[in-house]
Structures are given as structure tokens and as C-alpha cells.
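**Q** Read off the chains here:
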Amino acid sequence: MRKVLALAAATLPALANAQTAPASAPPSAQGDVSLTIYNNDLALVQDVRQMNLPTGRTRQEFPDVSATIRPETVTLNASGTGIVEQNFDYDLLTPEKLMDKAVGQTVTVVRTNPATGAETREAATILANNGGTVVRIGDRIEVLNQYGARVIFPSLPAGLRARPTLSVTLDTTTPGSRPVSLSYLSRGFGWKADYVALFDEAAGKIDVQGWITLNNNSGTTFGQAKVLLVAGAVGQENNGYQNYRPQRPMMPGNRPGTQSANRESLGDFYVYPIAGRTTVANAQQKQVSFLDVAGAPATKAYHFRNGWLQNQTEPQSADTVLRFSTSREAGLGDALPAGTVRVYMRDARGQPQFIGENGIGHTPMGSSLALKTGEAFDVKVQPMLDKRERIDSGEWERSSRYRVTRPGQTAQEVIIDRELVFWRTTMTYKVTNAKATPVTVEVVQGGLDNWWHDTRVPSETIKGEQRSADERVWQVPVPANGETTLTVQFDSRY
Amino acid sequence: MSSLVRRALLSALLLCASAPALGQGLITSAAPDSVSVSVYRAPDRDSDTAMDLDWLEGYALVTEKRTVEIPAGKATIRFEGVAAGLFPESAIVTGLPEGVREKNLDADLLSPRSLYARMFGRPVTLRRTLPGTGGVREERAVIRSGPDGAAILQTSAGFEVASCGGLDDEILYAEAPKNLSAQPTLSIETESATSQKVTLSLSYLAWGFDWQTNYVIRMNPDGRTADLAAWVTLASSDSTSFADAETAVIAGEVNREDTERGAVPSGEELELRCQLSSLPPPPPPPPMVMAPAPAMMMESADIVVTAQRAKAMAAPVTVVQEGLGDLKLYRVPVPVTVAANAQKQVALAQKNGVKMQALYRAEVWEDSVGEVRQMLRTRNRKEEGLGLPLPGGPVAVFEPMGNAMLLAGEGGLADRAVGEDVEILLSRATQVTARIEELESKDRTRTLRLTATNARPVPVSFEARIARNAETQIKALGAKLTRKDGRDIWAVTIPANGTANLTYRLTEQD
Chain A
1 MRKVLALAAA
11 TLPALANAQT
21 APASAPPSAQ
31 GDVSLTIYNN
41 DLALVQDVRQ
51 MNLPTGRTRQ
61 EFPDVSATIR
71 PETVTLNASG
81 TGIVEQNFDY
91 DLLTPEKLMD
101 KAVGQTVTVV
111 RTNPATGAET
121 REAATILANN
131 GGTVVRIGDR
141 IEVLNQYGAR
151 VIFPSLPAGL
161 RARPTLSVTL
171 DTTTPGSRPV
181 SLSYLSRGFG
191 WKADYVALFD
201 EAAGKIDVQG
211 WITLNNNSGT
221 TFGQAKVLLV
231 AGAVGQENNG
241 YQNYRPQRPM
251 MPGNRPGTQS
261 ANRESLGDFY
271 VYPIAGRTTV
281 ANAQQKQVSF
291 LDVAGAPATK
301 AYHFRNGWLQ
311 NQTEPQSADT
321 VLRFSTSREA
331 GLGDALPAGT
341 VRVYMRDARG
351 QPQFIGENGI
361 GHTPMGSSLA
371 LKTGEAFDVK
381 VQPMLDKRER
391 IDSGEWERSS
401 RYRVTRPGQT
411 AQEVIIDREL
421 VFWRTTMTYK
431 VTNAKATPVT
441 VEVVQGGLDN
451 WWHDTRVPSE
461 TIKGEQRSAD
471 ERVWQVPVPA
481 NGETTLTVQF
491 DSRY
Chain B
495 MSSLVRRALL
505 SALLLCASAP
515 ALGQGLITSA
525 APDSVSVSVY
535 RAPDRDSDTA
545 MDLDWLEGYA
555 LVTEKRTVEI
565 PAGKATIRFE
575 GVAAGLFPES
585 AIVTGLPEGV
595 REKNLDADLL
605 SPRSLYARMF
615 GRPVTLRRTL
625 PGTGGVREER
635 AVIRSGPDGA
645 AILQTSAGFE
655 VASCGGLDDE
665 ILYAEAPKNL
675 SAQPTLSIET
685 ESATSQKVTL
695 SLSYLAWGFD
705 WQTNYVIRMN
715 PDGRTADLAA
725 WVTLASSDST
735 SFADAETAVI
745 AGEVNREDTE
755 RGAVPSGEEL
765 ELRCQLSSLP
775 PPPPPPPMVM
785 APAPAMMMES
795 ADIVVTAQRA
805 KAMAAPVTVV
815 QEGLGDLKLY
825 RVPVPVTVAA
835 NAQKQVALAQ
845 KNGVKMQALY
855 RAEVWEDSVG
865 EVRQMLRTRN
875 RKEEGLGLPL
885 PGGPVAVFEP
895 MGNAMLLAGE
905 GGLADRAVGE
915 DVEILLSRAT
925 QVTARIEELE
935 SKDRTRTLRL
945 TATNARPVPV
955 SFEARIARNA
965 ETQIKALGAK
975 LTRKDGRDIW
985 AVTIPANGTA
995 NLTYRLTEQD
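Keeping their order, the protein sequence lines are chains A and B. Under our numbering, the first residue of the first sequence carries the number 1, and numbering increases by one thereafter. Under our numbering, the first residue of the second sequence carries the number 495, and numbering increases by one thereafter.
Take these hints with a grain of salt, some might be off.
Listed next, the in silico DSS-like pairs over lysine-lysine satisfying Cα-Cα at most 25 angstroms (straight line) [claimed, not checked]:
id, chain 1, residue 1, chain 2, residue 2
1, B, 876, A, 435
2, A, 430, A, 463
3, A, 387, B, 978
Hints are computed from structural coordinates only; laboratory data are not their basis.
Could you put the whole structure together from the sequences, leaning on the hints where they help?
**A** Here it is in C-alpha cells:
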């Protein structure tokens, strides 16, 4: 290997055309770059380059633009010049294009003897390149075989590029150097938030750090850029059909807030500038801190939802839910961009251990958050359907009334009564706690509404709260290492 | 053509080793001083099923202590020797005087393609192997095309395409670009007023780990008690070994978001063809390549191996259980090495003389009966000889036969808290059967007879669990049903070589 290097160094001056740039990364042609990155695979790139423009029509090239540029979004601003046309060139330099553009030119054909390796060179004129290269060598016409001969071209055709390049034809009235501002949208960028929450259960507090995680898969590195992150997805692919998004079942305790965070905003979106300048390298995932709150109040709760009046043959673990607020007074005091909250707790040795994670949407300040971190090993709920029987409601529903008037007679009123059919379902919820501390489990029974809008609870061993027509909630206290049985009767029309 | 690719890569790697020293303010932390690893089970695996050793879907929290010398001013610290499966967004670095300015995971890897792309417009050496006895010749050249498809090079003769005309060309680069790394590298930027030595803590989640509990139940000759041994088996498919790690495993359901796992970035390959046809468009970004799972040659009888160990030795090291919120943490009390692509077993518990009821269970739905299964039942209490949290896992049951122990069945146990019933379903019964006949059907009432037979020369316990539509009422004639877990239970002892009957009536309500 050393020999090769020595040889390489020795032959370097022999090559007149070789660039003798330093061996670090090639200098980028980018100027002063600002990136505005949205959540949905989109970024606005603003690139101010210092350019010396001569008077009249000239074609200017802008290399080192994003490889995933959306060329239709390019705008250019500079004083004393106007755009005649702009192109984003995909006319890449390939052997095929090289040959196409060389039609009519004279090239050198080198043949190598397969036995001895001896080379013979001949001048040839390329006649055509249509599914095969036809050349004239001296007074004969030949079809080139790529294994038998190689072609040396005297020059590269103009207009073919090694990389996708933006080119703009400008009509300049005043010559000289000036800043030229290029802006365009690019795909291949995205960001989300990642939160680290250290939960101290005994103290009822969490420490939360927020990190912005941004990805650059645009194929291009942007050096020393000003970066601004917009917490939102600007409606790029929204065609009117996607306005309705099914939401995940709402964990009770989640409530959107109504406070405004003390942050810059852009219309509906909060914006998060990154302090200073940073290099956003290609294929890089970068994290920058934006939030650090210590000692915000937080509580743990247990939650179990039985979606239907159904039996479970095995006890089901209750969800462990972490609750906290983003309000100014009693919480994190900030708006939270969408991302993942990872929750840690210290083990017996004081080392933080991961206890679960959950995703949050864009969360305004003042919101209450209830995040399921996992399922409790020691706290379980077993709903059991004990009985289901038809009962006499003792209630007659007046379902229709009409009056019949015949000529010459008094009006006759007809009332039709119908007996209501009710079913009485007796549910037992066995809530067990194998922990050495008492707990309270929030048990939710869903599926009560079921179209009839007439479900009643004639008896329950713990007073419940009807959260909606469909859901009833009980706060079930369970002693340490004990169990509590909740028995509820539901009278329903189905 | 692939030889060109291969050689280009080889040259690049060789040259990389001789790359100049790293730049100013760049500190490399090669390895942790100490490390602790907490292994979590695969989120989607039921706790009573075995892990897939060929494709571990659990994860680990790795916490490392590292000592670095940081200079005054801005500095970049690169971390080497981290787990290959790390989730970069989960990395936490603490202990720096001025905190962390930014964290980066650079996945622009040194690959034949990236090397070629970065060397665009710069001089390289073209080593040309001529056919036949022509030998090898080296020329200076400048790369003039992008990495998509073919290499167009400028030589002193003019412009040409590499590896055409019977020549076999390879490209030698003088040095590798500095900002390409061999593997995805986690780095942080920090600032310090003075140069100092700091001990920092780096923690992150990494995929490619898993663990399970293996239970070995040895029935005692009395048939009513058993010795229960529980083992923790933890496995890693990561390529990094963690030596002398403080190790813990964590039981319980931990919520995970759907994180793309195993998105191991790879440099793309460079394919240089001497082809004169129109080229396909540039390739899309690389797909999320799942890292190939290491080929673990596992014997299918690994549970038997466990059992033999359990019998042979009193476990010197038993994990210590502690609570962690609503999860259970089992700490290995001595430092152990969590080796790459390996598994390890540590004892969890040994309980002797556990009360264990062996019975046959049939599930009944109104008028039809399913297969009869063998089952073991106990309760997780001190009174029964247990009374400890039981993380789920596969169960192997052995029975004595003369002096030998025979594998009597295999089953699974889900996570069981203290005080819960423990039921372990084993294999299908061959000597105990159950069938249902309809004796009478009138209006809304059907009379049915459940017959259980026993072909064994000993009496057996039998239990039918009768489930029914909630609107259907049941009445047993001349027998008593108990209600448990929302079902009606008929428990009976079938005499040796005998039968037992239950006649019951089902009445549908309108």
C-alpha cells in the first residue's frame, strides 16, 4: 500500500487537469444556509450565495443544492438581475450520454490484445449510437464491442453533470458581486421531539428534558446552517379526504390546554430555533435540547377499561398511567411538540431504569396528560359477567298517541302503550393488589350506550360516575396485598 | 465487475487505517469504564411463550460510565463500543460540566459508493489489469462522474469509462474522507470553561436482547407436591459484548411505541459497469434493512439441558428481586459478562415441596366439549410453598419413573403476581376423554349429559369449565356446580378405569 501511495504522489504532477485541492471534504458551494424544517418530510432551504454576475444573459449554476429538491418551488432573489429561466438538471453524466453527445466527433479507440495485453490505438469517428455504437475507422465502418475496445473521448460534453444541479439563466443589468438568495423546498427532512422523564414516585415529581430529534436524509450536508423547526405539518398532501383522522382511544385524564407558551410562533405552529449555527450532515440524526424542567408534579394512577359487558377468564393487568400537566402554574409550563415520552425511575441502587414510553401529539400549554407507561405486574382486574336476565321494567312507555275525528262525532283519542324490555346484567370486577401499599384503580366500563341511549345502573357497591352515555367509571380502593370486589348491575335495552 | 467493487472497498479500508489523526476538539471515548445492562422482554411476545433466539425482539437499557478528558472550549465527544442496535433518540448523557449542546448519530458511512462520491473531481490512481500477459499498469485519473452506474474518469489520454475494452480497472484513493465513519457513530457536542477530566454517564436503549424465565417442575412421588426451579435465560444478538456488567432483567408489560427497530444504516454499494445502455434512475434511499439475526445453533431440547442443570447443582448465584414502579426488576448480584450473540442462565428461584394439583381440564361451550388437557394447578402463596412474583415463561414438567425423571409435559406460565391462581396447561390427554350427548330438547330447554371417562388404573381429578351465552341459564341435575372466573365448574374425581357423568339443563331466555 505504501508503494501505491508513493507512486500516486510521484505521478501526480503528470496530470495537468487534476485538482490539487486539500484532501478534506470538498468545499461546498453553499452560502449562508437557513433551514426551516417541518414535521412532515419537508424543509425550506434558504441559501444566500455571494455571486459575481456579469452584465447580460448568463447561465449560473448552483451546485450543492439538496438532492431531494422540489425544483418547482425554487425562487431566486438578487438585485440588479432578473431570471430568464431556471432548470433543475437531471442530465447526468453517464457512459450512454457521453457516447450520444460524441456522435460526429473523433475519438480514440484502444484495442487490447487479449493474449498479450498489447494496446493499439486508432482514431475513429462516431457515426451513430443507436442500440450500438457505429464508428468509422479509416475507411471501414465498425460496430464497437465493449469488451474488445474502449473509447477515449477528447473532452466531456457541456451540460452533463456528475450531480443534480440547479441552473438559472439570468439577465443582469448591473454587473458586480452581490448576495443571491436561493430558496426552495426539499424532501428528506423531518423532526420530532423526544422527552426523557425521570419519575420520582415517592415525591410525586418528574424531571423532564425535551430533545428535538431531526433527521437529514436529503443526500446533502448543510454546513453551519441556521436551523428553525416548525411544530406542525404544513398541508402538503392534504387533499380534503384526510381531514378526519381516527384518534386513539382517549385515556381519561388527557385534556387539551388553553394557555400560550412563551415561544415564537408562526401562525398556528410553534417554532423552535436552534441556538447558534449547526451543521446538519447527510444521513445524520441530530438532537438538540429545548426543554429542561425539574420537579414538576406528577402522579401515578391505575386504569382498566372493559370495553364491553364481557367476561375475562383471566385477570388482566391494569394500565400504569403517569399523569402530569403542561400548565404554567403546576406543570412543565410549555407547549410540547409531538414526540415520544420515555419514562425512567430509579431502582433500589439509584440508577435510572426505563419503565415505558408513550407518544404524544402536539400538546398546547396547560394540557393535562395521562400516558400509559405499561401494565402493572401486581395490580389486576378481572371483570366477570355473573348473570344476565330479562326483567320486567314495570314501566310502560307511551309510544304513540293520535286522535281520530269522524264527521258528526266527538274526537276519539287512541294511545298505544308498549312494555319496555330490559335486560339486567350483573358484573363483578375483582380488583387485586399484590403490592405492599394500598392502591386505587380506576375501572371503566364501556359499551353501555349501544344505540338505545337507555342504560341504567340500579345498584353498585361503589358509587360510580357516569362519564358519558357510553362509559361509567369507579374509583376502586384496594388494600395492600388485598382485593376489592365491585359488583354492578346494568339494566339495558339490549 | 464485482471484483472492482470489492477491491475498491478493500483499498478504502486499508487507507482508512492510515488516515491522519483526528481533528482538534474531537475526543474519542473508546470503551466504557463500567456498564450496566437491564434487559426487557420483547413487547409483543406473550409472557408464557418462549423467545425466538434467532430473532430477539426485546431490548436493553445500557448505562455506561466513561471517563473523558475534555479540553477548554467546544469539543465533540465520539462514543465507540456502544451497542450496535442502539436507538439514538433514546441516548442520555449526563455528568458534563456545561451539559450537552447537541447529540448526533452520523450514519454517512464509509462505503465504496460514498468514497467514490466524495472523491469526485479529485485525483485517484487507476490500477488497470490488462488481459493476458499484459500485466498491471497504474495511471493517474480524476473522477468525473457521480456514483450512479459507471465510473467516467479523466486520464492523461482523455475521458473514458472504467473497466471497458477488456481491462479490469480498480480505483485507489489516496486517503479516505474524514467525515465518513466505519459504523454509525454517536457523538455529542459540549463546551467547557477549562480542560478537565470528567466521568460521564451514557445511557441508551438498544434492541436485539430478550429474556425469559424457564420453569422446571419436578413432581414428587406423592403426586401432590413438586420442586420448582426457575431460571432466567437472557440472550443478546448484539455484536457488542458488555464485560463485567451489572445485569438486571425486568418483568412486566412495558409500553413501547412502534419504533423502527433494526434500521441499521449501511453504505450503498458502488457498481461500476462498462455498459452502454441508458441507466436506471438513481436508487431510492436504502430500505430499512433488518440486520441479519445471528445464526444461533440452538438445540431444540434446551429446556432439558436446563433441567439437568437444575438437578445437578444448587444455584450459587440467584437473582435478587426488587420492585421498580409497577414492574419487577431481577438483579444479578455479581457482575457478569453479557456477551455478544450469546445467552446466559442465572437461577431465579428454587422452591421445594410446592403444593401442586394435577388434573384434567375440559372446556365446554354450552353443548359441545373441547379436548381434554392435562393441567397443573397451584396458588402463588406462601401456604402453597410459593408466594413470589412469577414472571412468565415456558414450563417443563418432569415425573419420576423408577430412578429416572421423564419429561411429562411442556406448557407455559403467564406473569403471575403473589396471591394469584397458577394454572399450567400441558399436553392433550390420551387416557381421559369427555363427550356430551343431548338427552332431550323441548321448547327452550335442552337436557345434556357430559360423560368423562378414565382409562388409567388410578383415579384422576377432572374439571369441566362450562361457558355459555349470558342469556342462557344452566341447572345441574344431581350435582353441584361452582362458579369461578365467570364460568361454571364441575369438578369430579373419576375412579380408576371408570366414568363420571353430569346431567345439566340449558334454558334460553327469550
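**Q** It remains to establish, for every hint, whether it holds in the given structure.
**A** Quick rundown of the hints versus the structure:
| no. | hint | in the structure |
| --- | --- | --- |
| 1 | B:876 with A:435 | 15 angstroms, holds |
| 2 | A:430 with A:463 | 16 angstroms, holds |
| 3 | A:387 with B:978 | 13 angstroms, holds |
Of the numbered hints listed earlier, not one is contradicted by the structure.
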